[in-house]
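A.B. asks: These are the residues of each chain, in order.
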Amino acid sequence: MNYYEIIFYVFAVLTVVSAGVVVFSRNIIYSAFALLFTFTGVAGIYVLLNADFIAITQLLIYVGGIMILLIFGVMLTTNVTNVEITTQTLKALPATIVVAIVSALLVSTMVSTKWAVKDPISVESTTINQIGELLLTKYLLPFEIASIVLLIAMMGAAFLARKN
Amino acid sequence: MGINYFLILALLLFSIGVAGVLLRRNAIIVFMCIELMLNSVNLVFVSFSSYLGNSIGQIFVFFIMTVAAAEAAVGLAIIIALFRNKETINIDEINILKW
Amino acid sequence: MLNNYIPILILMLFAIAFAIVCVFLSKFIGPKNPNPVKLSTYESGMEPVGTARQRFSVKYYMAAMLFILFDIEIVFLYPWAVAYRKFIPNTVYYALIEMSVFIAILLVGYIYMIRKGALNWD
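So the sequence lines, in the order shown, correspond to chains R, A and P. According to our numbering, the first sequence holds residues 1 to 164 in order. According to our numbering, the second sequence holds residues 1 to 99 in order. According to our numbering, the third sequence holds residues 1 to 122 in order.
Just so you know, these hints were derived from the structure itself, not from any lab. Every residue, glycine too, gets a C-beta built ideally from N, C-alpha and C. Treat the hints with care, as some may be off.
Not everything, but these chain R residues come out facing chain P in the computed CB check (under 7 Å) [to be verified]: (1) 59; (2) 141; (3) 142; (4) 144; (5) 150; (6) 154; (7) 158.
Computed far set for chain P versus chain R, every beta-carbon distance over 10 Å [unchecked claim]: (8) 35; (9) 36; (10) 61; (11) 86; (12) 88; (13) 89.
Chain R on its own, in the form it takes in the complex (with noise of 0.2 Å):
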């Protein structure tokens, strides 16, 4: 076992079982800040795949932004006069049985798949040159329409969320 496994291994317990903590977790206070390791595993297996712009983006906008959004919307909704920030959960026997379902669905076609790639080129440099670029002319639609998609959220937000 080389150490880019070590590092694989690590990154991938962590993001698994802190994945699990925010599922299982009784308090929601322990799941958004187990989310925030979640996070912090997929940035890491993301700099394992040689994608560092998307692992910094990863930090920048989950775990710097919708992080706090998501402690600010705790905060916000827990009834905080009676503490009672526990969760209960659902009837789990049909839940159960969609995941095997879904999860079974996905092994067989990830295992059947023949799928054609190569071994990973090491590159040298970021791939924040070839992004930017293809931003800025194949995909430059996608951009500007990117900037509406956010002054809409931002003028709904703003609605929804003002005082009455």
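Using the hints provided, position chains A and P relative to the given structure of chain R.
C.D. replies: This is chains A and P only, laid out in the frame that chain R set:
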């Protein structure tokens, strides 16, 4: 390392997310699990982008993250508005559309 | 490529080790003789009134939401700034106009927020 390691990791993450969406009552936890599923899809995109040697998959991930952030802003605003009106965010108690 | 990340890895390990050492060192070697006065919220201050768990104002959420949306805008600026150099002699105006349109659309949202009063604190 083959691509299967990364695909299995993404699969586990996605299954955990599905389980959370189906099991939990709290709307914010359901929301977190949706983010988990988005992350697993992003992971698949990035692994294929890396193993195929082009960066188009990474651009997709970039846009998915944008949409996820917009979704987080609006979705949590909806949850907060819901909490203000109904004093609960348990998804089985919010059933005014039920007939 | 991954060798560039070794300093980050070392920094991470140091951060984790430092946090663990700090927490456990004070737990193990600190003297412990608690008394009721020492355990009160403010040892030489006023008695706190009421509960500390009050509902947060939604104004904080507005600030966090604006932060994340403009965070995304900044993230889009990075690849643009790096790729800008390749456009420089011939097509630099395209790159400039493209980003100007992007920022102008988001500026509309910012003006909307100001006019709507979403940034007023009271």
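A.B. asks: Run the structure past the numbered hints and jot down the numbers of the failing ones, going up.
C.D. replies: 1, 2, 3, 10, 11
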